[in-house]
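Please construct the entire structure, taking both the sequences and the accompanying hints into account.
In my numbering, the protein residues as written are 5 to 148.
Rather than coming from a laboratory, the hints here were simulated on the basis of the structure.
Treat the hints loosely; a few may be bogus.
[Unchecked claim] When the alpha-carbon atoms are kept at most 25 Å apart in a straight line, the in silico SDA-like pairs for lysine to any residue are as follows:
#1 Lys-9 <-> Lys-99
#2 Lys-19 <-> Phe-88
#3 Lys-13 <-> Ala-31
#4 Lys-99 <-> Pro-115
#5 Lys-74 <-> Pro-61
#6 Lys-84 <-> Ser-59
#7 Lys-142 <-> Glu-83
[What the hints assert, rightly or not] For each label pair, taking beta carbons as the anchor points, the in silico distance ranges come out as:
#8 Asn-79 <-> Asn-34: 16 to 26 Å
#9 Pro-115 <-> Glu-17: 37 to 47 Å
#10 Ser-119 <-> Gln-21: 21 to 31 Å
Ideal Cβ positions, reconstructed from N, Cα and C, are used throughout, including at glycine.
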Amino acid sequence: MNFSKVEQKFFSESKLQNITTRMPYIAVDNFPKLGLLSALSFLEWAAQNPAGVVSLPTGKTAQYFLHFVKLVLENWDSEKGMTFRSEYGLGETEKPSFRNLQLVQMGEFYPIRSSQHNSLCHFIQKNYIEDLGFDAEKALLMNS
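Written out as structure tokens, the structure is:
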């Protein structure tokens, strides 16, 4: 299997080790663990693809994804943060910047307007552009 360092760590912790499908997968026990896997995989990918194109979660997984991305970034250079990153395969990884990534919104609630506080567009602007530092000029948003 061609897993990244982060994915290898999560796969080794998984209870499902015998993959019989063409598409490999990693099973986790709960939404927080899925959020952690998503966050660490994203940070690993962003460090390797600083000018890439990305669409990020906006559903239930997003609350955990955002929590862990912020937590890891805030503690990147602390002793605890470096130990944690090393445990999950990010020990030698440079802290990624999201300024050059292009963020693409993949969906929206209908019939609410994108300007409403509970729209996905608003969620992305608040949580990804404002809080994580994605460039609003590069973002492709459904802002009708």
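Now the hints, each set against the structure:
1. Lys-9 <-> Lys-99: Judged against 25 Å, a Cα distance of about 16 Å means the pair holds.
2. Lys-19 <-> Phe-88: Holds. Lys-19 to Phe-88 sits at ~21 Å (cutoff 25 Å).
3. Lys-13 <-> Ala-31: holds (12 Å)
4. Lys-99 <-> Pro-115: With Cα atoms ~39 Å apart, Lys-99 and Pro-115 exceed 25 Å; violated.
5. Lys-74 <-> Pro-61: holds (14 Å)
6. Lys-84 <-> Ser-59: Violated - the C-alpha atoms of Ser-59 and Lys-84 are around 29 Å apart, more than 25 Å.
7. Lys-142 <-> Glu-83: violated (34 Å)
8. Asn-79 <-> Asn-34: 16 to 26 Å: holds (22 Å)
9. Pro-115 <-> Glu-17: 37 to 47 Å: Given a distance of about 42 Å, which is inside 37 to 47 Å, the answer is holds.
10. Ser-119 <-> Gln-21: 21 to 31 Å: violated (48 Å)
Figure legend: structure checked against the earlier numbered hints; hints not met, in rising order: 4, 6, 7, 10.
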